[in-house]
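**Student:** Each protein sequence line maps, in turn, to chains A and B. Position 128, counted from 1, in the first sequence is what the numbering used here calls 128; the numbers after and before it change by one each time, with no gaps. Position 28, counted from 1, in the second sequence is what the numbering used here calls 28; the numbers after and before it change by one each time, with no gaps.
No false leads were mixed into what you were given.
Listed next, the in silico EDC-like pairs over lysine to aspartate or glutamate satisfying Cα-Cα at most 20 Å (straight line): (1) B/K161 <-> B/D205; (2) B/K147 <-> A/E111; (3) A/K32 <-> A/E104; (4) A/K74 <-> B/D146; (5) A/K141 <-> A/D70; (6) B/K147 <-> A/E110; (7) B/K156 <-> A/E111; (8) B/K156 <-> A/E110; (9) A/K141 <-> A/E50; (10) B/K61 <-> B/D92; (11) B/K202 <-> A/E110.
Using C-beta positions, here's what the derived DEER-type ranges look like: (12) A/N149 <-> B/F172: 43 to 53 Å; (13) B/E179 <-> A/E110: 56 to 66 Å; (14) A/H147 <-> B/V126: 50 to 60 Å; (15) A/Q130 <-> B/R194: 45 to 55 Å; (16) A/I10 <-> B/K156: 35 to 45 Å.
Hint data in this document are derived by calculation from the structure and do not stem from the laboratory. Ideal Cβ placement from N, Cα and C applies to all residues, glycine included.
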Amino acid sequence: MKKVLFLIVIILALASCQHNDICTENQPTTPKLVIKFYNYNNPNQLKPVEEFNAREVNSENYYYENNRNDTLIKIPLRTNHQSTVYEFIINKDSMDIQQSASIEFIYTPEEIYINRPCGFRAVFENFDVQVLDNNPDTWIKAIEIPHENTINDEESAHLYIYH
Amino acid sequence: MMKKAHICIFIISLFLGSFFNGFGQVQSSPEIQIDSISYMERYGVRIGADLSKPIRTLLDKDYQGFEIKGDFRITNNLYPAVEIGYEDFDFDENNFDANSKGGYAKLGANYNVYSNWIGMQNEIYVGLRYGFATYSETLYNYTVYDKDHYFPPDYKEVNQKYNNLNAHWVEFQVGIKAEVLHNLYLSLHAQVKRIITSNEPKNFDILWIPGYNRNYADSPFGIGWGYSVSYMIPLLKKERVQKID
Numbered sequence: 001m002k003k004v005l006f007l008i009v010i011i012l013a014l015a016s017c018q019h020n021d022i023c024t025e026n027q028p029t030t031p032k033l034v035i036k037f038y039n040y041n042n043p044n045q046l047k048p049v050e051e052f053n054a055r056e057v058n059s060e061n062y063y064y065e066n067n068r069n070d071t072l073i074k075i076p077l078r079t080n081h082q083s084t085v086y087e088f089i090i091n092k093d094s095m096d097i098q099q100s101a102s103i104e105f106i107y108t109p110e111e112i113y114i115n116r117p118c119g120f121r122a123v124f125e126n127f128d129v130q131v132l133d134n135n136p137d138t139w140i141k142a143i144e145i146p147h148e149n150t151i152n153d154e155e156s157a158h159l160y161i162y163h
Numbered sequence: 001m002m003k004k005a006h007i008c009i010f011i012i013s014l015f016l017g018s019f020f021n022g023f024g025q026v027q028s029s030p031e032i033q034i035d036s037i038s039y040m041e042r043y044g045v046r047i048g049a050d051l052s053k054p055i056r057t058l059l060d061k062d063y064q065g066f067e068i069k070g071d072f073r074i075t076n077n078l079y080p081a082v083e084i085g086y087e088d089f090d091f092d093e094n095n096f097d098a099n100s101k102g103g104y105a106k107l108g109a110n111y112n113v114y115s116n117w118i119g120m121q122n123e124i125y126v127g128l129r130y131g132f133a134t135y136s137e138t139l140y141n142y143t144v145y146d147k148d149h150y151f152p153p154d155y156k157e158v159n160q161k162y163n164n165l166n167a168h169w170v171e172f173q174v175g176i177k178a179e180v181l182h183n184l185y186l187s188l189h190a191q192v193k194r195i196i197t198s199n200e201p202k203n204f205d206i207l208w209i210p211g212y213n214r215n216y217a218d219s220p221f222g223i224g225w226g227y228s229v230s231y232m233i234p235l236l237k238k239e240r241v242q243k244i245d
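One chain only, chain A, in its complex shape (with noise of 0.2 Å):
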């Protein structure tokens, strides 16, 4: 009898503990857009931006706490929206030479299932871009979309921009 009851406790004790709550950090989220910068001049080589920072417009809070310096950015796109706007701006800290654009981001979110800790995540089809500057002097010469207009994940860059 004792072994028994012993037994139910056991498993009981199995149903508590088998909890699997936590949505661990190699699951797949929502990507980010990842950009490469290349050299308007020279189309095949990179060419990084100098102190680069981003915000959504009519934001007060910039994307990186510290400008980036670099070939590759990865930046968030609204989940909830169809659309997202960006000002890119470029030599931030060096007032005569800053210069700024502002950029479209056009998708449509769809959201998929990952599993029980995590939900959901949205990725993004129909991506497509706009530059709204009609300034000439705007720093982004020329955009790319590389690949498929789908963003699913940050293995490669959704976008190249020639400046």
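Guided by the hints, dock chain B onto chain A, whose structure is given.
**Tutor:** Just chain B, lined up with the frame of chain A:
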């Protein structure tokens, strides 16, 4: 089993012994010696209900459920058994809230492995069931999972319903049953089960199945328990003989 074998041998030898004695000792005066007793064991249909589910219904605002059950003794230790129930459960996960509700049935049998003292009808049993459920899930709301926090969390109220879900499983039970009053039984049992087939909602998950409970993503096994009361309607009696020391 040993005990049963002993009883059997005892009964046979008793019978044969008295037979041969009858031939060998015709003249001796019969001397009655009580070395065994017999008892009329009750066989019948036992009908009951799970107590844990209505209690949980009262205590847990996210849960409603009931289960009725029956078994029928066909041999000394074998009891074909059935359970039928309905459950409705709201669950809050980290990034979404959902519901699962529906009916289920379990068909199978229990086998008693406990040798009772004469006159008692308690059980320690192992049971096997085929279980199936037809149910629906509802996704109430979710927050899109995003490791980045530049934008505020994207919370969506959707109330998306996933109908016509079903699941089939095998279930192993182990439990104890005690006759607490004449023909009235209390029992406690634990369940370990494994899904055989199920259909999956599109772009969602099998999270919780009525009768099966939580479905674990990393394990094909489910777990449950029950605490029930049942009443036996005696239909026939069979004699059981046991020696006394």
